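Protein chains in written order, with my numbering: chain A, 1 to 213; chain B, 1 to 342.
It is possible that part of the hints are untrue.
In silico DSSO-like cross-links for lysine-lysine, where the CA-CA straight-line distance does not exceed 27 Å [stated by the list, open to error]: (1) A/Lys105 with B/Lys330; (2) B/Lys2 with B/Lys329; (3) B/Lys91 with A/Lys105; (4) B/Lys91 with B/Lys12; (5) B/Lys12 with A/Lys105; (6) B/Lys148 with B/Lys92; (7) A/Lys126 with B/Lys92.
Hints listed in this document are in silico derivations from the structure and should not be mistaken for laboratory results. Since we're looking at a predicted model, the values are computed, not measured.
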Amino acid sequence: MIQLERIEQSYGEMTVLHDINLQAEAGELIALVGPSGSGKSTLLQLLGLLQTPTNGAVYFNGTCVSEASDAERRRLRLEEVGFIFQESHLVPFLTAREQLELVAKEAGRTVDAVAALAMFGLEHRKDHLPHALSGGERQRIAIARAFVNDPQLVLADEPTASLDYTNGRRVMELLQQQAHESNKTIIVITHDERMLDVCDRIWRIEDGKIQTA
Amino acid sequence: MKLGWKELVRMKGRFSWMTIVTMLIVLLILMITGLADGLAYDNGAAVRNLPVEQFALSKDAEGQLTRSFLQADETPKGAEALGVQNMVLEKKNGTKDDVTVFALPETTNYGPKQLQSLQKGEVLVDAAYAEQRGTRVGDTITDFRTKKTFRIAGTVTDGRYSHAPVLWMTDESWQAWQSKMGASYVSAYIGQSLQTDQAVFSKQAVIENVPGYAAEQNSFQMMRVALVVIGALILTAFFYILTMQKMKQLGVLKAIGIRTRTMGTSLLVQVMLLTSLAFGVSVAITYLTSRFLPTDLPFRFEWSTSLMYGGILIATAMLGALVPLRMVKKLEAADAMGGMNG
Numbered sequence: 001m002i003q004l005e006r007i008e009q010s011y012g013e014m015t016v017l018h019d020i021n022l023q024a025e026a027g028e029l030i031a032l033v034g035p036s037g038s039g040k041s042t043l044l045q046l047l048g049l050l051q052t053p054t055n056g057a058v059y060f061n062g063t064c065v066s067e068a069s070d071a072e073r074r075r076l077r078l079e080e081v082g083f084i085f086q087e088s089h090l091v092p093f094l095t096a097r098e099q100l101e102l103v104a105k106e107a108g109r110t111v112d113a114v115a116a117l118a119m120f121g122l123e124h125r126k127d128h129l130p131h132a133l134s135g136g137e138r139q140r141i142a143i144a145r146a147f148v149n150d151p152q153l154v155l156a157d158e159p160t161a162s163l164d165y166t167n168g169r170r171v172m173e174l175l176q177q178q179a180h181e182s183n184k185t186i187i188v189i190t191h192d193e194r195m196l197d198v199c200d201r202i203w204r205i206e207d208g209k210i211q212t213a
Numbered sequence: 001m002k003l004g005w006k007e008l009v010r011m012k013g014r015f016s017w018m019t020i021v022t023m024l025i026v027l028l029i030l031m032i033t034g035l036a037d038g039l040a041y042d043n044g045a046a047v048r049n050l051p052v053e054q055f056a057l058s059k060d061a062e063g064q065l066t067r068s069f070l071q072a073d074e075t076p077k078g079a080e081a082l083g084v085q086n087m088v089l090e091k092k093n094g095t096k097d098d099v100t101v102f103a104l105p106e107t108t109n110y111g112p113k114q115l116q117s118l119q120k121g122e123v124l125v126d127a128a129y130a131e132q133r134g135t136r137v138g139d140t141i142t143d144f145r146t147k148k149t150f151r152i153a154g155t156v157t158d159g160r161y162s163h164a165p166v167l168w169m170t171d172e173s174w175q176a177w178q179s180k181m182g183a184s185y186v187s188a189y190i191g192q193s194l195q196t197d198q199a200v201f202s203k204q205a206v207i208e209n210v211p212g213y214a215a216e217q218n219s220f221q222m223m224r225v226a227l228v229v230i231g232a233l234i235l236t237a238f239f240y241i242l243t244m245q246k247m248k249q250l251g252v253l254k255a256i257g258i259r260t261r262t263m264g265t266s267l268l269v270q271v272m273l274l275t276s277l278a279f280g281v282s283v284a285i286t287y288l289t290s291r292f293l294p295t296d297l298p299f300r301f302e303w304s305t306s307l308m309y310g311g312i313l314i315a316t317a318m319l320g321a322l323v324p325l326r327m328v329k330k331l332e333a334a335d336a337m338g339g340m341n342g
């Protein structure tokens, strides 16, 4: 589904990623783990088409997208990639359902935002603004937003970091369920070893190199 | 579009603040402009209200009516002889007032219509002056130099020259007054197209030569330009900061694939609504002020100048909001976000 081929990423003198070759398939929940500064966030940004690699190629369903235009990469991000950040990063002045509708509308789709929220147990929060919600609820809305355009790939950067264990676990199980039942590729950066058992595969990265498991 | 509107409605506190500050800036500019225009108008009103194109003055007068001396019997055909001279009024309580006498023939086509019914020794005074001094029709006034007395027969509006009230009389009264001072001059020949070997000035040139007019207007022009420039800079900076504060939010939106255009439209809608509202309120306040200010405070509200300044300020405010958006467009989506670092 998504494939990285001989990826190298440097910022000036500093090389963050060396010769990365990875491939992820549909229906997989993959954990990306490694110490701070190991390059995992950079790797996630490359996977999410937020950056172009210094060298190497990114293939999305067999098409090379690392050379695509800004506009084309933006369209792919909107329609085929879902993002979940460490903080929920919701738009502060939109209600839960409007968060979802904004993203759907931008992609020219009409969605039943309330039904989408219901999938994450949030239908009773549809008209709440982010500041009136708990951290766990906000993060689940962010997840609902990431899935609203039915993307093939979902990327999450420590989605459980700001949550307690129970809420964090719930989020990870939601992601697992989405990967398996909706046949999506989901890649999650996590520091929390207790979450790794729900993942199908683990990519370990250290000093910009993938450690073979 | 809806996005921008929702933010305005749900972040009322912040946006009300910004509207009030914007409104105060615009109000300051409009008020100063109103005072400058009021003074400009006040200064030359009696001349401005004469429906003629040309003024012939003596060559050494340099366009100044009170310095020009011409012979009444040399008035060209189709023109009227205008007399303009300062008079010091002596009041019953011993104080004095400066006024400017304007005189035209009683058959005039150009002066106030009431001139036609004035008797010799009767005058018309500026309505605002009459109101301030409690002077009424039927009162008499005395010229300090000649001790000649005149009877007030009526009032004229906007009768001002060089910030002093104007006293209108007929040329018959004028000649009688002048002969008391041992003179027999008039100040200008006025008409639409003059055939004369005197120096001919346009009405605007005569107004600009009213004593003090040019100096006063130059100062005001400086103030106006400075105010508009400063106001525009403040508004630009203001809306620039507004967008900069939202950079992280805009970066996240860019990352999840929202078009820069969608964000730009929302920003523009906000700035447009906010500045238009502020501008509308300022215009309304300025307009009401112009209606209810006391008559001795010269103030003029001009739609054209107000709209022009409003246009300039709204345009610069939008510019301020959109400049940071260019940065969002140029940013790699990842850099703007911050949340994915680490």
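Against the structure, the hints:
no.	hint	verdict
1	A/Lys105 with B/Lys330	24 Å, holds
2	B/Lys2 with B/Lys329	21 Å, holds
3	B/Lys91 with A/Lys105	80 Å, violated
4	B/Lys91 with B/Lys12	60 Å, violated
5	B/Lys12 with A/Lys105	25 Å, holds
6	B/Lys148 with B/Lys92	14 Å, holds
7	A/Lys126 with B/Lys92	82 Å, violated
Hints 3, 4, 7 from the list above are not met by this structure, while the remaining hints are.
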